[in-house]
Structure formats: C-alpha cells, structure tokens
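From just these sequences and the hints, can you work out the full model?
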Amino acid sequence: MAKKRSLSTVQAALRILAYLAEHPEGVEVKEVARLLGKSLSTAYALLNSLVEEGFAVKGERGYRLGSAKPVPLETTPLEEALEELYLRTRERCYLALLTPQGVRLKTRGRQGQPHPLGETLPEEAHALALGKVLLAFGALPLPPLRPRTPYTLTDPLALEEELKRVRESGLAAEMEEYALGLSALAAPLFGPGGELLGALGVVVPARRFPFAFSRLARALSEVAQVSPYLKPPEPPSLALPPEAGFRVEVMEPPDELKEKANLQDLAAAYREALEDPEAFFGAFAREFFWERPWEKAYDPESRRWFQGGLTNAALNALDRHLPEKAQQVALLTLDGEGRLEKWTYRELQELSARLAGLLWGLGVRPGDRVALYTPTGAEATLTLLALARIGAVHMALPVGLGPEALRDRLLQSQARLLLAADGYYRRGQLIPLRPVVEAAVAGLDLPVLWHVRGTTEFLERASEGRPVDPVPVPAHHPLFLLHTSGSTGRPKGVVHGHGGYMVGVAWALRYLFDLKPGEVFHTTADLFWVVGHSFGLYAPLFLGGTSLLVEDRPDHPSPAAFYERLARLKVDVLLTSPTLLRTLRRHGEARPTGLRLVGSVGEALAPEVWRWTRENLAWPLDNWWQTELGAPALATPLALPAKPGYVGVPLPGVEARVVDEGGQVLPPGAKGHLVLLRAGPAHMVDLLGGENPWRGGLYWTGDLAVMDEEGYFRILGRSEEVIKVGEARLGTAEVEAAALTHPQVAEAAAVGVPGEEGEEIVVFVVPKQAVPEELKPLLAEKLKAHLLRHLGPVTPPRVLFAESLPRTRSGKILRRLLKAELLGLDPGDTSGLEESDGGGKAS
Amino acid sequence: MAVEKLLKAEERLWAPEALRRAANLKGFAAEYRRSLEDPEGFWGEWAKRFYWETPFQKVLEWDLPEHRWFLEGTTNAVYNALERNVERGLRNKVALLYLSEDGQEQKLTYGELLDRVRRLATALKRLGVGKGDRVVIYMPLTLEGVMAMLATAYLGAIHSVVYAGLGVAALRERILDAGAKLLIAGDVSHRRGKGVDLRSIVEEAIRDLPLKVIWFQRAYRAELPEGHHDFQELLWNTPPEARAEMVEAEHPLFILYTSGSTGKPKGVVHVHGGYMVGTTYHLRTFFDVKDEDVFWASSDIGWIVGHSYIVYAPLLEGITSVLREGAPDYPDPGAFWQVVERYRVNVMFTAPTAVRLFMKYGPEWPKRYDLSSLRLLAVAGEPLNPEALRWAYAHLVDGGKRGFVADNWWQTELGGPTLGTPLTLPAKPGFAGVALPGVEAAVVDEEGKPVPPGQGGLLVLKRPFPHMMRTVWGNHERYLQYWREVPGGVYAAGDVASQDEEGYFSVLGRADDVLNVAGHRIGTADVESALVSHPAVAEAAVIGVPDPLKGEAIKAFVVLRSGQSPSEALKEGIIQHVRRELGPIATPSEVVFLEKLPKTRSGKILRRLLKARELGKDPGDLSTLEE
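Protein chains in written order, with my numbering: chain H, 5 to 847; chain G, 380 to 1006.
Hints are computed from structural coordinates only; laboratory data are not their basis. Among the hints, erroneous ones may be present.
What the hints assert, rightly or not - With a straight-line cut-off of 20 Å between C-alpha atoms, the simulated EDC-like cross-links for lysine to aspartate or glutamate are:
id	chain 1	residue 1	chain 2	residue 2
1	G	669	H	724
2	G	669	H	328
3	G	427	G	390
To be verified - Chain H is nowhere near these chain G residues, computed Cβ spacing over 12 Å in every case:
id	residue
4	572
5	582
6	603
7	643
8	766
9	808
It should be emphasised that the depicted structure is a prediction, and the values quoted were computed from it without experimental measurement. Glycine is no exception: its CB is placed at the ideal position from the N, C-alpha and C atoms.
Next comes the structure, spelled out in structure tokens:
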C-alpha cells in the first residue's frame, strides 16, 4: 500500500497515449513498461484497457493510437479516484458525491453506462452499498426501512449493527443491490478536515461477487485510502465496550399479574417450606384425597415425602372432581389430522376406569410396568390414567425412537405389556410405527395392544371394559418411569411416585405457573416427556383445570397456525421450550393471542429471547428442572422481578448452591457446579441404570451456574460441556446467549474443541434468514467481533453456519454430536436424536 | 266393574324414594301456596340469582290483561347465560353438546360459546342490526342455530326462529309479519342420513324481498349474491368485540309464531326479564336439574320447548344441554338410548309422540343400553295417553325404581311448564298433573263458571306469571282476545280439560280448529289455504283424525275445480304442494276428493260434521247445516 504514488493510473494512461501518438508505427508492451517503470503485466493491463475503450488499437506490430478522442478528464481528486478505481478493477464503479443539491451519482464503466438508478440515490439508500456508507457516517437521515430484496436489512437493530461494522471496517457490502442482480462494495471518501465528501463503490453481477470479493475489497480500500485527502479510518477495534460481558436487566412483572398472583409472599413461603414442610406442603396436600393420611410430610433422612400415606394419582386427577366438574372439559386434544376433541372429567373418568378394567383383565397388576409407544393424544392420556388407576407403572417411550433403542428400553424395564400406536403425525405426515414396534418386540414375550390410527377401535375396546375403582397405593409407590432424554450420554430410568409427585407438580402449576380456575393450560411438550407428564397431563387434572394436548409440532404448518390455535382455544398459560420461542422469534412478529404467561423450560432462555417473548407473547416465566426433579426447582415466580438470562431463585422446598468440584460453596458471582441441598416433593423416588446424583448429601445437577448477590441463578450449560479457553471457563449457554443477542442469529450452539490455548470455542449459528454463501465470511467476522465484545478477552471463537442444529427429541441441543462431527469422532448413542427439523419440545 | 274403574282411577306411579328425597323442591304444597300468596316475593327472590344492570324496583304490575314484571330493571338474558356463567368459573364447562345422527359430537364450552356469540353479534351489528330489530332464523338444529339466537338477543335485537321444516309460504309470511331486517338461514338439514334442502325454500320465500341473508352452508359453499354472507366466514373474520346490550326487563327477547284457528299465525312475544326468571325456576324445580347434570330436550330450536329448554333455561343455569339433529329412530330405534348411555343423560324432555314411537319398537331397544343415569323423563306437547305413560315408566325409568316420568302441559304462549306432575307427587295416567307454582288454573264453562270435578270444560289461567307472553307481535288486539274469550278476566288456553278432586288436570284436546300433530300446533286454516293455492283445488277442509303415533294426523277433503278429475297422481301432487308450502309436519296424510263440502248457512265449513263422519260419531246439532 503506497503512501505516495510515483504515478497515478490516469497519469500513466495519459503518458502512454502521448507515447503512442509519438510512435504511430506501433509500440510494444515492454516499451510501455519501461516508459512507466512498471511491470509488464501492469503495462499490459493498461494497454488492454485503452484498447477496450478505443483509445488504442492493437496491430501486428504492437499498439497504435486509436481513433477515439480522449475524454477530457475531470480533475477533482474525487473523480480521479473514481477513474483510478475503474482502472484497477475494470468493473463498473460509482461515486456518490455529497453536494449542496443532494447526493449526485457518477459512473465510470466499460461502456460508460450511467448508473441504472439515475443521478441520485433511491429513497431506500440502505439497500445500496454506497447508501450504507453515507448512512454509516451520518450523511443521510435513516431512510424508510423497506425491503428491496430478500437480503435487504429492514430490522433497525440489524441495520445499526451493519452500519457500526461499516464504520469500523470502512467498507460496506451489499449482496443484491436494489434488486438489480448486482453486488456492490463501497468505501467512504473523507475531506482534509475529516468531513465526509462522498462514497466510492464498485459493482459486479451478483454471481461473480464471491469470486471477485477479495480483489475488489483490496482495490477499493487502497484507492479510498490513498486518496491524498483521506485519513485512514480507525482500525477495527476489539476493545470491550463499557457494558462488557453479561448485561443484567431487572424487569418488574406487570402490576396486574403481580397483584393477582396466586403466590404473594414468596419469602414467607420459602421459609416455611424449609422450616416446616409439614405445615407448608401438608396443608396443600390435604386438598387431595388420601385414603390414609401420611405420618410425616418430609423425612430428611430418606428424602421421602408423605411416608405412610395411601393415595392414588388417577383418583386425584379424576374421581376427586366428580360430580362437581363432571361436565367440565378436562382435556382438549388436537390430533395430527386436525381433529379437535373435548373430554370432560366424567368421560375421562369413565373411559379410563373401563380401560383399567380391560388392562386388569389382561393381567396388569399394581407395580407392573407397562410401556407406551403412542403419540400425544387422548388414547395415550387414557392409558396413562388407567395404569395409574390400578397402581401399575407407566413407561412412556418417545415415538420416533428406533427399533433398537425401543427394544433396549423394553428389555431394561421388563415391561409386561406394550401399548403402541401404528403411526404418528409429524408435520402433517402419518409416519408408520408398526414396523418399528414389530422389529423391536420380535422374539420377546411381550403382548402388544394396538391403537390403530384413523379408527376408534382402541376407544371402543376400552369402553367395553368393566370399570374398576382406583387402587390406593403408598405415597412412594411408583407412578411412572421415564428415560431422561440423554443429551449427554446413555439414558437412565427415572421413577416418580404417586404422593409427592402429585403435591409437587400441582403446587408448581398453581403457584409458579399461576393457573387460575377456569383457565386453559397448554404445554407444547409431548406427553412422553416429563414436562408432558407433569404439566400436559397430571398437574392440570390434579387442579381440576383444562389442558390442551397437541400431537403434531406446535409450529406446523406455520407459526401463524400456532398463534391461531392459542387464540381460538383461548390458552391462558403456555409452557414451552426456548427452542420453540427461538423458532417463533425467527419468523418475526407474533400474532395476538390471549396468553397471560409463557413458561420456558428445557434450556437456558437467552435474554434476547426472553425480551422477544415478553414483547410478543406474554410475561415469560423461566424455570429450570430435570426429569429427576419432576417439577420446577429454580424459577422466577411473579412475586419477584425477573432478570432475563437468570432463571431465578430456588422455589419453596428447594435449596440450591453453586459449589466447586469438592463441594465447597462458592461466593456470589463465581462460576461453579449447581447443586441442591434439598429437592421438592416431586423429586424422583428411584433411579434405574444410572449414577445416583446424590453424592455427599448434595444433588449434583450436572449444570454449571453462577449466583448473583440477590440469589438469582444463571445456568451456564452442562458441566461436561464446559469450554476451557485459556484461563477462562465458559458455559455453552453463556456463549450461546451472547451469540443470540446478535440480531441476525436465530439459534446457536457452542462447543469447545482442543485448540492452542486449552480449548477453542466453536459456535454453530443458524441465521435468522438464509445467508448467501458469499456473505458468510462477512457475517462470521461480524459475529466473531460481536462475541468477543460480550465474552471478554479470549481467543476469538470460530463461527460456523448451519441450517439447523441437532437436537434430542425433547429439544435439547446435542452438542456432543456437533463436537464429534468437528473432531471426526464416533457420536455415540444417537437414539435420542430428533429428525432434522427444528420444532420444539421441552423436557 | 265399578271397583275396577275406581282402582284404575287410583292408579298412582311414584318416583323412587331416593329421588324424592334429593328433589330440588321438596315441599311442593308450601311452595305452591307461597307462590300464589306472595307472587312478588316468590318471583323476586328467584330473580336475584341473575345479574341486573339496574335492579328492578317492583316485581309485578298487574292490570289484566296487561302484566309487567321486574319493573325498571335492566338486564340481558344472554349476558346472564354466558358472561355471568363464565365469570363464575364455568368457562371450560360444556354448555352445548351437539350430536348428529351418525354419532358425531361437537362440544362447545361456555367460554367458547361466549366467544362465538360475541363474534357473531359483532358481525350482526356491522350489518346494521340493533336493539329492537327483528332477525328471522331458519336454521337446522345445530350449534350455529343456537349461536344465531343468542347473538341476536345479545344485541337486544329480537329473534324469530322459524322451524326449518316449514315451507315457503309459512317462512315468507313470518318474515313479513315480523318485519325482519335480516335472515339467518341454513342450506340443508340432516335427517335419516339424508340432507334436506332448505336453500331452495329460503330462496323462494325471500324472492323480491330486500333482505340481508347470512347463510350457514354445510352442503357446499355457494356463490352468494350481494348482501348475502357466509356464516362461518363472518364468524371467524369478525373479532369478539360486541358487548351485551342491557335492556329493560320487558324488552322483547323473541317472537315465536304459533298457529291459531284464524288462519294467520300469531307472533307470541316473550321478554328478557320474566322469561329468564320463570323458565329457569321450572328447570330447577320441575325438571329437578342439578348443576352437574346433562339435560336433553329432544325438541328443536324452532319450537318453544327448544327456546326454553334447549337454549335459554339450561344455559342460564350453567347446565350442559344436548341437541341432537335428526330422527329419533335413525340409524336404529336405539339411537336415543345410545345417546343417554354415552353421555350419561340425567334428565330428558321429549314428546308423547316420541314415547309412542319407542313403544312401537318395543322395550328391547332401551333394554340394550345402560340408562342408569336417566333420572327423570319429562313429556309434553300433547296429551300423554295412559298406555304410553305406563310403558315409559316401566321401560325407561325401570318401573319407577330408578326414575320418574313427569307429564306436563304448556304452550308457546306460556313459555314453561304450567300444569305438570312434580316428582314429589305421584303420576296419574291420563292426567298431566297439577298447577305448578305461580299458576292458578281452573276448568270453567263458556260463561266462566267453574265446572264440578270430573266434568269437561275450558282450561283457563287466572293470573299471569313472569314467563307468560306479553303480546302478539303487531296485533295486540289478538293478545287481548286470549283474556276476553272466557268471561272473568282469565286466560283461555284453548284446550278442553277436566280436573279431579285432588287438583290433577286432564287435558283432553283443543277447543278450536287447531290440530295437534306430533305435538305441533297446526291451524286447519293454514292447511286449507295451502290446499286451495293448488291450481286444481277449488275448496278444501281438513280435520284431525287420531293417529297411534302422532296423536293426530291431517286428513284433507278437497273439492276440485271444474275440469279437473280425481286421480292418484293429482292426490300426490296436492300433498307435495302442501309439503312445499307448509313443510312436512303440516302435510296431510290423507286426501279425499268430495263433490262438495258440508257448510253452515253462513258458509262456514262444518269440520265437526266431517270429523263425526270420519270417526263414526254423532255429529251433534246440524241445524245450521246448509242443505
């Protein structure tokens, strides 16, 4: 990059022309090179361009003067820069001049065509690279942000990001300039006082842009910078902005929600729940029907709840509400074919009692394990309730599980009977399950009871059973077994009991999710996940409420359908996953719904998504728990202000800490392992085939967290997924949350791979809108700088683009799969992997 | 013989002890006494269960034949049925359960019904419907039919439902008489597995009328002319913005047309306040409905039973109400009992004609189903003959071990049960029952003098009750006639009845030229004018002849125009013509061609003579007969 040129291209060209005029017999390339003191190739290029424009002709004996008269060259330095750029690039070049009359456009091109837009910039200047430069340096007011092409930025936030980048790099790019099939690069031209004089740009057909990009960028920045009046722009800065790292906002819930909240005094409740569980949870438990009361509400030794009590979850879900709620709708089911059905408490009670009779007739007895391989819907619900009614243990297996994984789990759990559907709907398609089931049970002594889709056979058969009464069972008698979704390894079987689980989930629904009588609750989680069990089925029925269950993906066929469903069925409280919220956010503005609250569970809810949810749907209720815990453990109830990014505080009955590897409690602000000292009543009663999370009196959640001074917890990701960059320890959620604050990022997954300083961060990014291949390097650079601003001084992360992220069927990102792929390793057990579509289920 | 007759008279059918003990109204006699001694206190107390925007100052202003209730009170019956119930926690309770013949169900909760009604009301408002405007509804028995009624009344507009089975002439006449601003019509109704075309009837009936129409289209979506709208499109494209219009208690809620002997149908007017209070009182006390019951009135929204006991009273009380479209014996004679079993119907209200139909098919049909939920079977519409009562008692309520059969008598004009057998009293075959609370009934002669027990006379009511008609639409004079027909300032029901010593009434039949076919009142004049509108017919007369199923069937005597000769084809043509004009229920089952009709000297047709001939009875005094 020459600071002072010996000869400008224009001067060089003029000298060549003069020389040609002197030598009408013809001139060789090497003569010209010698004349100019430049290389042969430069001379060749200059001559070629003169020939192209008719100033010179190439004859047998070299170059001669052409017939065209040299255009009188304008002499202003800016126009000279335009000429210079043209000669360097041989592409169409434009100059935007700021004049008192407005912006004037000048063109220099092979055929000398004027700019197709005329002499001035269009109103939507932000759709042009030149316009972006003028906008970035304040020469234009912000125009109306109308899309001109699919790539035009219309989001003010995104545009601001882009302009900031232009200011930093001194270069603006536009992929498809003003829908003309052109791509452009532009740079600012400054006057001696640092004032903006105009912008210089180069335009090529969009299809050539990726290949021409580096060449053009170099030429443009050189020409712009070497212009005698230009001062070099500030180099792009990686210095941290004042608000480095995680920005904490404190958001007060709307007064109306707060004032009417079912739980008003959280502090008192928390205190009482720990000091006197008998009084606190006992009082709540007495709302339920107990065949025999418990002896002790909580025994800290055995960590058992309601010991000695006899009850039954199905009885409390159904019979307890009769006859008062006989005609109330307990369940709304929407199957994959779009059929909406309403089931009253009386219908559910009667049908499940009859189905229980049928199952009893098939030899199912209390304590027997019965497997289900049935999609979310009435049949599955009735079966779960029927099994609970006779004290049998239901084991719902996620549909979509492959034959081997299914067989594995059936064997591991010694199921006595399998209830299977012969198909399920995903995105409007009926996916057959019969071959999977037949392959899985081949050779096993396991009877299968089929639900044939599209028929009422199953329900008819159920209704022929002789109704049986609920069987009272001890509080810790197993109600169900669920395999955890296995985001980090081999699945384990979590067992929940009747008594404590009932009290725990019902408490959470009323006091955390704040459900009021007469409201409709909906969770987008499938019935066969713990969220579906606890909040799709049991808790709403325990409280005598109304729950909506949907078989197909919530956003099928479109997010609009989801909003429409919420509005039409008048859902008041929604419990969903950050995955779905991100998907919705990616589709832009939400349609109006009647939602009052939106619970989010399954992964960390990034502040950006939190804010989007609050602005577009309803007040978000972030909460954290695990299959083992049955119900939320950390959350932000309405009684507290929310801190987006922080999941919240321990709920009554739960004690949580952040500790180091040795179990030593760490001070607020320090990253460490999240452990529980005590878990709520919905805590599991047994665990099959896994390591007991309780070690040394602590429940090791496997998550990394940080607690602030006020006792709010922020989940940073799984501890086995922690990324060690130099001295820093970064949770995956931390990095992902930072990536998500960028307006163009829809989803992100971070993993650590071995690098120069310990580990290197690799961030997989799903952009909000498809990014053309050519623009990816630019966006990646942008994101890298963005991440560094948020994460502080670490080795710059690598940014990779993906169309979607691999997820477990319950919606958790399978980071180990991404990592394995990067390192070329064996991905391990992938039975929990979701088909490649980005829909969301919480777990 | 005398002893046998006496024993027969003493036959009493009781409700089971447990049912009587659990009755909502246990002390019937005391309640009845109080209702007459202190009607204002009695009805005023019941009225307090509802929402009044402005509380009423006076319960009753009684200046016979005018009577006005809940004065200065403002309310809205639909607001009370929907908003009030949603607010008291019934949002997710099933309000309406629609069943089709093929067993398809649609449940609508109180919350959903409110939403739909508010959407539709908004749409009606945008079409210019406001307080006091008349909306004619010609809809099959569907949720949408109910929504149409409620949305109209929600705005304080007045609905006039025309049974979607009545023909072109009947529909047109009612539209014109009511001065309708808008028509809400269905394109098809379903019966016996087939679609019954309503569209062509409507199109013909509204020909040349400047009427806006909302079409509820189930068969196919037709290209609609200007000013016509699609029901579903309107419903879902309109936000639920409308608010209930609070109206004076005496503001008309609906007009329901009923046939009279004079030819022109009478538009009976019921009002928001009194109708709401009175019909719900009887739902609770006479039909003994509990909060969690499933209540099924197997009528149609085109009749008063449908208005009071499919729609208003059950919804006002927050009950689950069943509506089933189609024929009671389709797809098989067990169809009704399957519904009772499947949906655990607790209280059912049907017509004697249906009971006789079930009787015809035999007890094996109800026996196949589990009717254990059925506690009370109320029957009204026409006299319930003793055999039918005994059969129902034996086979539908397990011989009184499980439930009770409650006969009752009332009319479109009366809004709700008037005479009846409450379940705490024994049923007596052949007797409808006693006067219910609020009702003072008597049997009198033509001078208004009471007749001794056991003797026939005219049934009259001596005082009004809140849910009694206020006027005849556009013809208050006709309303006054009800009270002037029999001297003494009493309401003449137009029925012949007798009363026994215990106060039980036996209703024997109409005192005028009105036929009662399967519980539907049909004026002979209506049928006759339909007959003579046939180009081949010169004169016509119709009479009712006993029918084992329908109670009464229509027999027509026809004199042909000169040049026309009797033939089977013509007979069929005439029958089809009447069906088209009046609808299937008013279609003659028999047509006889006569040379001429017996007439009085003044030219009035002597139906009495035709009837006597038909039934082989003494025609009585024939002195006025024209030779």
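Consistency of the hints with the structure:
As the CA atoms of residue 669 of chain G and residue 724 of chain H are separated by approximately 60 Å, the hinted pair breaks the 20 Å bound. Proposed proximity of residue 669 of chain G and residue 328 of chain H is supported: the alpha carbons are some 10 Å apart, at most 20 Å. Restraint check for residue 427 of chain G and residue 390 of chain G: not satisfied, since their Cα atoms lie roughly 40 Å apart, outside the 20 Å limit. Chain H leaves residue 572 of chain G outside its interface by the beta-carbon criterion, the shortest separation being 19 Å against a cut-off of 12 Å.
No Cβ of chain H approaches the Cβ of residue 582 of chain G within 12 Å, the least distance being about 32 Å, so the stated non-interface status holds. Residue 603 of chain G, annotated as away from the interface, keeps every beta carbon of chain H farther than 12 Å; the closest lies near 24 Å. For residue 643 of chain G, the condition that its CB be more than 12 Å from all CB atoms of chain H holds, with the nearest at approximately 42 Å. Here residue 766 of chain G stays apart from chain H, with its beta-carbon at least about 35 Å from theirs, past the 12 Å limit.
For residue 808 of chain G, the shortest C-beta to C-beta distance to chain H comes to about 33 Å, beyond the 12 Å cut-off, and the non-interface label holds.
Violated hints, in rising order: 1, 3; the structure is consistent with all others.
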